[in-house]
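**Student:** Taken in order, these protein sequences are the chains called R and E. Reading the first sequence from the start, the letters are residues 1130 to 1511 in our numbering. Reading the second sequence from the start, the letters are residues 1130 to 1511 in our numbering.
Think of the hints as simulated: they come from the structure by calculation, not from any bench. Glycine included, each C-beta is placed from N, C-alpha and C at the ideal position. Heads up, a few of these hints could be off.
Restraint ranges, calculated between C-beta atoms of paired labels, are given here [to be verified]:
no.: 1; chain 1: E; residue 1: 1184; chain 2: R; residue 2: 1248; range: 51 to 61 Å
no.: 2; chain 1: E; residue 1: 1184; chain 2: R; residue 2: 1422; range: 39 to 49 Å
no.: 3; chain 1: R; residue 1: 1216; chain 2: E; residue 2: 1423; range: 40 to 50 Å
no.: 4; chain 1: E; residue 1: 1419; chain 2: R; residue 2: 1298; range: 28 to 38 Å
no.: 5; chain 1: E; residue 1: 1416; chain 2: R; residue 2: 1442; range: 18 to 28 Å
no.: 6; chain 1: E; residue 1: 1142; chain 2: R; residue 2: 1478; range: 40 to 50 Å
Protein chains: 2
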Amino acid sequence: MNNEVGMRSRKKMTLVDTDVHHTFKSKSDLFPYLSKFNAERFAEWGFGIQVGYYAFNGGRAGRRADLVDEKNPTPGEFVFSGASAYDVEDTRKRLLDGNGVDLALLTGSGIGPLASAMTDLDYASALCRAFNDFSLEHWISKDPRFRLALHINSQDPAGAVAEIDRLGSHPAVCAIMLGCGAPRPFGHRFYHPIYEACVRNGLAVAMHFGAEGVGTNPPPSAAGFSSYYIENRLMRPSFYSVNVVSFVFEGVFEKFPSLKIGMLEGGFAWLAPLLWRMDLDWKGLRRQTPWVKKRPSQYVKEHIRFATQPMEEPEDPNALKQIIDWIGGPRMLMFSSDYPHWDWDDPKMILGDFPEEFRRRIFSETAIDTFGLTLPSMSEAA
Amino acid sequence: MNNEVGMRSRKKMTLVDTDVHHTFKSKSDLFPYLSKFNAERFAEWGFGIQVGYYAFNGGRAGRRADLVDEKNPTPGEFVFSGASAYDVEDTRKRLLDGNGVDLALLTGSGIGPLASAMTDLDYASALCRAFNDFSLEHWISKDPRFRLALHINSQDPAGAVAEIDRLGSHPAVCAIMLGCGAPRPFGHRFYHPIYEACVRNGLAVAMHFGAEGVGTNPPPSAAGFSSYYIENRLMRPSFYSVNVVSFVFEGVFEKFPSLKIGMLEGGFAWLAPLLWRMDLDWKGLRRQTPWVKKRPSQYVKEHIRFATQPMEEPEDPNALKQIIDWIGGPRMLMFSSDYPHWDWDDPKMILGDFPEEFRRRIFSETAIDTFGLTLPSMSEAA
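Please put together the full structure from these sequences, using the hints given.
**Tutor:** If you want it as structure tokens, here you go:
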């Protein structure tokens, strides 16, 4: 890739980062937003479900090694926090200022997806509420460039709807977070009240892997649990594709025509063969799902967008262009860094040899459209 | 596609069909090969596990409608049998003679993969043995063009090894059948005695979806059960890819350097992005699996082959050639018809506009290499 071209043209290019992992440093950071009973439970028992058997086998506890120093240690207390950003000033300086990020979608560190895998629905929903309140007070209020994806308990649709209606009108809230793993795929009618609330509040859906095979969720694959982190990582496309397929064939987009979905950190090259296969199979089988009125790929191209990180790196230098063309062009993709995880994508390093219009789509326009974003300068002018 | 070219050149082209579904017509066909106790159990209880909630939503009970007539009814008694071929003379005439098939790998109708999802290991292994004996007596002995993939109970490695050693030296037996769904992925060391027995008997491994989410197997995805047949069908790449990844990263091919695996009815376009991602992730993460000494894609290219059916049909006519090139060329692919299922691929209809050398690889050479096949005419000459 030609980094010089990338660096020169980025000076005038808006940059939206759609996957920035923020978290709390200590459990006690959430206590002010929890009842005494729940705060004690959280202090003593945490989530109460296992996480981390697919430990991040890279960086320092999953975090970029260059971001770990004496002032910014890796907290051992909490695996998912440890890999994420817990210092707002440091994040403003290193990520936003350091990379010229105009807007950053804060996606948390798996709180909502993990809470959704708990047995106690009310405790789980309370943790989501606490994390949202913490995020608004300690992150969103600190910089006009931050945006928030609300954490909700997807297995408690009524609780999720209440949370979406409680905070969905906040100007910095632009989406909800869903995990990929769940007892049932996310197109299922069980979840439709959640999407109705999203539409009512003008929110998109952001989907991120992380809680597959955890808590009440089924194992991560039809063949159960793989042994190693790299294997689980390589299965990510399946975590997303089952939900892409479910959204389409359960008729979610016929029912909620304005709903937009952003799929984060799952790559996108796998989408091309899936789109071909969806259209082909639909021709032969559509009588079972007559509410799917258009070609399935059409729904995907209208409603679902994919974040770029971790960027595909095929051997054939033309492969990426070819794949992006097959899935519908750069309008399907939006940049994400995955800051501060060890395998983050540096905006100065990716897509350097793509044309400017192409890069503008991916670095800002798709995300702005998908999440209904307004740039800080634009809102200040208004 | 240019069918005329295809029809002309096929006259001199050897044709190997790597996925032909044969079965028994009535449960009583298996009684002679079962103990009295097991025969009674099979008569009264069948498999005792649920199948068919993702019913074949095509053809007549999943079977090509043109193959169903008064003489060849669709037996309602047994869903998996109903879709498969139960009349050996009819199959010889319609499939072998009718399409100029030189060799047909009989893959059964899911008996082994389903038996592997039962709780009673001995009963399950007994059903596999009975089906193998039935297949040898009533199919293999009837035509020198038939070859057999042995059905084994993958969750009873000792029982599977005994069955492989019992029948593995039969000249028509060239592989074992594995399902894709299982309590643990198929690269796991739990299964290594099975691969050791395969190598000892010169057998390949054939892998076929069908028992995902059935019996003791986990749900078919990290998000549980999809609602509709088309969704389950679209998830097939994930059923195979978790096992591709498992074979490579558990070091199966380092341990069994001569083992060959044929993946049937899962397509192949999804493999290209997986190979890229495997190599990329391995560069950053290989310290956890140091026994993976070569680039992961290299193991796949040396050991795993993919059957063509159901053939991909991208909109872009060049896409198929491009994808096949990315995965390693036509030496990675072998023709399969999936006879007599409703969505079978007619050898007269596919790949007609590909060059002759390319088609020869796919229509016979890859399968001959993978399964160590000898053509009937060649063995007669020997």
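**Student:** Are the hints correct? Go through all of them and say.
**Tutor:** Consistency of the hints with the structure:
Taking 51 to 61 Å as the suggested C-beta distance range, the pair residue 1184/E and residue 1248/R does not conform, at roughly 33 Å. For the hinted restraint 39 to 49 Å between residue 1184/E and residue 1422/R, the CB-CB distance of approximately 23 Å leaves it violated. The hinted range of 40 to 50 Å is satisfied by residue 1216/R and residue 1423/E, whose Cβ atoms lie roughly 41 Å apart. The beta-carbon spacing between residue 1419/E and residue 1298/R, approximately 53 Å, falls outside the hinted interval of 28 to 38 Å.
Remark: the range hint 18 to 28 Å for residue 1416/E to residue 1442/R is upheld by a beta-carbon distance near 20 Å. Taking the beta carbon of each, residue 1142/E and residue 1478/R are about 49 Å apart, inside 40 to 50 Å as hinted.
In summary, the numbered hints that this structure violates are 1, 2 and 4.
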